[in-house]
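Sequences and hints are given; from them, build the entire structure.
These are the residues of each chain, in order.
Protein chains: 2
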Amino acid sequence: MQKVKKIQSFLQSNNIDAAFITTPDNVFYFTGFKSNPHERLLGVLIPKDKTPFIICPQMEIPDALAAGWTGDIVGHQDTENAWDVFVRMIEEKVGAIHSLALEKAHLTIERHEAILERLSSINISRIDEKINDLRVIKSEEELVNLRKAGELADYAIEVGCKEIAEGKTELELIAAIELALKDKGVTQMAFNTTVLSGPKSASPHGTPGDRKIQKGDFVLMDLGVVYNGYCSDITRTVAFGEPTAAQKDVYETVRRAEEAAVNAVKPGVTAMELDKIARDIITEAGYGEYFTHRLGHGLGISVHEFPSITGVNDMKLKAGMVFTIEPGIYNPAVAGVRIEDDVVVTETGVEVLTKFPKELIII
Amino acid sequence: MQKVKKIQSFLQSNNIDAAFITTPDNVFYFTGFKSNPHERLLGVLIPKDKTPFIICPQMEIPDALAAGWTGDIVGHQDTENAWDVFVRMIEEKVGAIHSLALEKAHLTIERHEAILERLSSINISRIDEKINDLRVIKSEEELVNLRKAGELADYAIEVGCKEIAEGKTELELIAAIELALKDKGVTQMAFNTTVLSGPKSASPHGTPGDRKIQKGDFVLMDLGVVYNGYCSDITRTVAFGEPTAAQKDVYETVRRAEEAAVNAVKPGVTAMELDKIARDIITEAGYGEYFTHRLGHGLGISVHEFPSITGVNDMKLKAGMVFTIEPGIYNPAVAGVRIEDDVVVTETGVEVLTKFPKELIII
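Top to bottom, those sequences are chains A and V.
Residue 1 is where the first sequence starts when you use the numbering used here, and the numbers rise one by one after that.
Residue 1 is where the second sequence starts when you use the numbering used here, and the numbers rise one by one after that.
It is worth saying that the hints were derived from the structure and are not from the lab.
Incorrect hints may have been included.
Any copy will do: because identical chains look the same in the list, a pair fits if it lies in one copy or spans two.
Below are the DSS-like pairs computed for lysine-lysine, each with C-alpha atoms no more than 25 Å apart in a straight line [stated by the list, open to error]:
| # | residue 1 | residue 2 |
| --- | --- | --- |
| 1 | Lys212 | Lys184 |
| 2 | Lys104 | Lys162 |
| 3 | Lys184 | Lys168 |
| 4 | Lys148 | Lys212 |
| 5 | Lys212 | Lys34 |
Given below as structure tokens:
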């Protein structure tokens, strides 16, 4: 309930009666209960000075309790209106509320209207930034999970390198990697594992398929696991067969850019400075037009969360922030290369969570 | 553009200037372009009588074109405000608009505010129901994909039955199933494959883990694939070793309930009648309290879509609707059993897309 208390002090200092949180990842952050309710209502109401309650589909109550939730809980059936149950629970457990903070970047117009219909004179404000402020600084307990998720990502890349073979398809390589992870007890990938080979590696959002790996390919592997609810996200690009000088130049440019950005991480540096360090190296090498995305993104319970490491974010890094650094060059005529690590900002600099080597591996 | 034209006639008859669609599955439905933009803006603006345009991250433009999109397209960079680009594109390509239909069940409060800030005197209405009305009736082209997705789901269950063995864990069984599917060219599961064994099969939303399958277990397999953008969703429960009489009774009750509901499917029957047919059989057998969820859900581009087959939905079935029928009994003291098929309402009755046998299989 430590995290709930932080929201409660925020509500008290801003004179807001309650916050209602429905993003599955935020519900997990505050309650330990991870669930994807699809279109059904699942959330946690945190009053400024009373016991919070979870509202969820009736059949999920045992799972919420098993997750260790110690606040109140109310279930709703598919046959009743969940919002009526929600408002009744507020009346019973909290009393009249005049102001409510919502996740405006997540809650839909429809749900907003459902709340306004039932609590018509209520004053609605945002809770998004406060939650981001809390989630963006990871606790030591969260870092333990993120380190382990990073280790498993390293292992996955190691397996991928061993399994690459002439004629094997991208999908077969993914199957081999994921099988090895399941043997290590991994129950969920952080996102669809990506393996792209040859010219396909130059598509930053390409889809793996039945293309067979062949000599002369670069093979790009982008993957992550979920460990105790926390994500990793790693990319490595390796050469299958001897690369050309032009391919090597692309690779080494990305590597220099990535390492320079990683080494620059410390409290006080801004996100945009990091982005610029990597981007300048790539631009000076003549590949600027082929680095078509931001440098990185925050990582934690969500595989994309705050902070965003872009060329326009002047936010200063603080100890406890965790994010990816993942420059890439996507030149269809030569090669597609991306190298991605997960890093933590420490009091004095940086801790890298993904440790798989970055020297060009030729298989 | 046939589907776009249907939205345009809706807009014209309701005197709405344009619709803006941002749900990834709806964007795919209208444009053929499937993408998960995460927090970035991706959508299609459909004016009532002009060429529609896609707005997407700059780097996704090639993928949208490759998907066959023939309307206009505009990209935005991470360094610019996507909403400014959006409004500029409306001014250039469409002109002044005074009314806009949005997906209120999807669009966030924040995005709603971003639109209102820039188009301040605009009248906002809902497009959700119109899109649901279109999507809920599948075309023959869509049915071709859904049939193939069903076939692959059958194959996955067949593999699962062959791979079940004493001491194999739930996760190992999942890995074996998914590997076999990858060999068939399946690139994406419709949702996280679920295998639950023994007492865990009695948790309708349990998580697979390293529990080893042992004699006397019921093994519940719930999975689906995505084929050409369309989902399947099947559940079968099999016995590993000879089941007890009590376990058999649970199984046969679910089977009778499932088959009775499937056989009752035809145009004009209501969703709630179907739910009642299955629920009555389970209740009369004394297991009513253990059937804790609705009978089924619509299936198509999304793994959960309209129609919802619940005890309170009086919607009449129409030819072309596709949904799951999936009664279950979750009695922790005896067994957890669910049987799920995907069905299409035809002009005269029902077509079942998943054909794996439902007689109790004892392995």
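Hint by hint, here is what the structure shows:
For a Cα distance limit of 25 Å, the shortest separation of Lys212 from Lys184 across copies, 14 Å, qualifies, whereas the shortest one inside one copy, 27 Å, does not. With identical chains, the CA atoms of Lys104 and Lys162 are never at most 25 Å apart, being 46 Å at best within one copy and 48 Å at best between copies. When the C-alpha separation of Lys184 and Lys168 is checked against a cutoff of 25 Å, the pair qualifies both within a copy, at 23 Å, and between copies, at 14 Å. Within a single copy, Lys148 and Lys212 get their C-alpha atoms only as close as 32 Å, which misses the 25 Å cut-off; across copies the closest is 24 Å, which meets it.
Proximity of Lys212 to Lys34 under the C-alpha cut-off of 25 Å is restricted to the inter-copy arrangement: shortest distance 24 Å between copies versus 38 Å within a copy.
Violation of the numbered hints given earlier is confined to hint 2; every other hint is satisfied by the structure.
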